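From first to last, the protein sequence lines stand for chains A and B. Heads up, the first sequence is in the working numbering, so the first residue is 1 and it goes up one at a time. Heads up, the second sequence is in the working numbering, so the first residue is 1 and it goes up one at a time.
Simulated from the structure, these hints should not be mistaken for laboratory data. As the structure is a prediction and not an experimental result, all values here were calculated from the model.
With the Cβ distance kept under 7 Å, some of the chain B side facing chain A (calculated, not the full set):
no. : residue
1   : Thr12
2   : Gln26
3   : Phe27
4   : Val103
5   : Ser106
6   : Ile128
7   : Lys263
Some chain A residues near chain B, calculated using beta-carbon distances under 7 Å:
no. : residue
8   : Ser22
9   : Gln26
10  : Pro38
11  : Phe85
12  : Leu163
13  : Lys263
Listed below are the simulated DSS-like cross-link pairs for lysine-lysine, each with C-alpha atoms no more than 30 Å apart in a straight line:
no. : chain 1 : residue 1 : chain 2 : residue 2
14  : B       : Lys117    : A       : Lys2
15  : A       : Lys263    : B       : Lys117
16  : B       : Lys266    : B       : Lys240
17  : A       : Lys266    : B       : Lys108
18  : A       : Lys123    : B       : Lys263
19  : B       : Lys263    : A       : Lys2
20  : B       : Lys108    : A       : Lys263
21  : B       : Lys108    : A       : Lys2
22  : B       : Lys2      : A       : Lys263
23  : A       : Lys117    : B       : Lys263
Idealized CB from N, CA, C, for every residue including glycine.
There are 2 protein chains.
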Amino acid sequence: MKRTVYFVSESTGITAETVGHSLISQFDSVDFEQVYMPYINTVLRAQALTARMQEAADRDGVRPVVFATMLDAEVGDILRAGNCFYLELFEGFIDPLSRELGVAPSRKSGRSHAITKPSSYTKRIDAINFAMANDDGVRPDNFNHADVVLLGVSRSGKTPTCLYLAMHYGLRPANYPITEEDFERGDVSPLVWACREKVFALTIDAQRLQRIREERRPGSPYASLERCQEDIRRAAQMFKRLEVPVLNTTNQSIEEISSHILKRVKTHIE
Amino acid sequence: MKRTVYFVSESTGITAETVGHSLISQFDSVDFEQVYMPYINTVLRAQALTARMQEAADRDGVRPVVFATMLDAEVGDILRAGNCFYLELFEGFIDPLSRELGVAPSRKSGRSHAITKPSSYTKRIDAINFAMANDDGVRPDNFNHADVVLLGVSRSGKTPTCLYLAMHYGLRPANYPITEEDFERGDVSPLVWACREKVFALTIDAQRLQRIREERRPGSPYASLERCQEDIRRAAQMFKRLEVPVLNTTNQSIEEISSHILKRVKTHIE
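Please model the entire structure based on the sequences and the hints provided.
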């Protein structure tokens, strides 16, 4: 049975989607059809969405679930009155928090993902630019300017993880791919050794690596299982000598890997 | 007065941080010290955090605020008993949702940001790789494979927006920088015209653009205010002829720009 779910907000809807997605992930036997509805910030848009909700109810044979973060009561009430199971995600927290802080809430929507702190936003954008400029070991002489340096064989997940760390945590990440040259020498560059206290190694299972490389260069020696196994084995020896933390990207998402790295690097968010 | 805030979870803590950050953004007169505490998944770690909370209370002269998403009651109860104002963000929703769906929750933590749907995760990683390979107009012949094509002058915010669209929504984005060559010709490449139904133009205020370019190439003609104004003016003429949506990155974050783009491209998340 299909169940339609709406993530609704007056602004980006990122919070509604994040929480709503977390909540439905607790019910993995249900087949959810997820619909993202940002910028429902007028009575007209709320009415149009209410009509869509009714269509979903008719189609699914059961009313849809709505995860909403609506600060404007007038617009929120229109949705709430529709044919849906409505969960307002902020409501129960704002008043208790307001009493605890002794400050009234602004009730302005869209504060969370807007540029409210330009210095912190600029830091994140600069970090993304840094990650782009220091991807794939192109500037190992720049490692001293990086907050973290990810190390791993080709296609082990370094680039997506670096981009996530930059985008979400404003960390300046660089990465260093272990190349054929390193394998021949039996060691990574001295520039990696010089910054080993900020190095995190990424590893991956050989079969998974083979599938990824096979998509990139089908039938190549680079994508053979033997080559993948050998690369991973030799990289593991290097990681051991360097004595750096090793994270496995096979079953961990870039969000999970990034959280582990951040926890070790720092616990303060600006 | 400083107020310490903890975002706590048994897994990545991304949901706790997203909601907690949204909630505190309603109280912008308070000076929050934000601390990110993922992977608090044992009694021992909860006890250590409780000790840190007490230190914060002593230092700040007021108890800290804790935003938590704890599915394990034993670990959660230790935090709750600490010297803090404790808000459990899932609690009030899981039972009502369970009753509505007629399904018991799994109570497994870390489901939301884990690789629970490999196909959807792989799609996001592929999209990031696509964004990297199609950044800065390097492959305009590839625009037919892209879901969206961002168009704008140098440093108008195309790359970070593309990366966000790929990472969060699994969209395959490309971008095309308007170059001196385009300005001389008075038009963008025919390859942009050929895919104009998926083009979004980014613009930016001249003074902001000048500051960004100035950081990149200090004192260059490229970074002069006149050149920035002229580039923006001529780009705007091109956008008008193309009849594409124009988004301004001066005061909108990459999250906000991306939400606007996604809303126009599609409303379904996989």
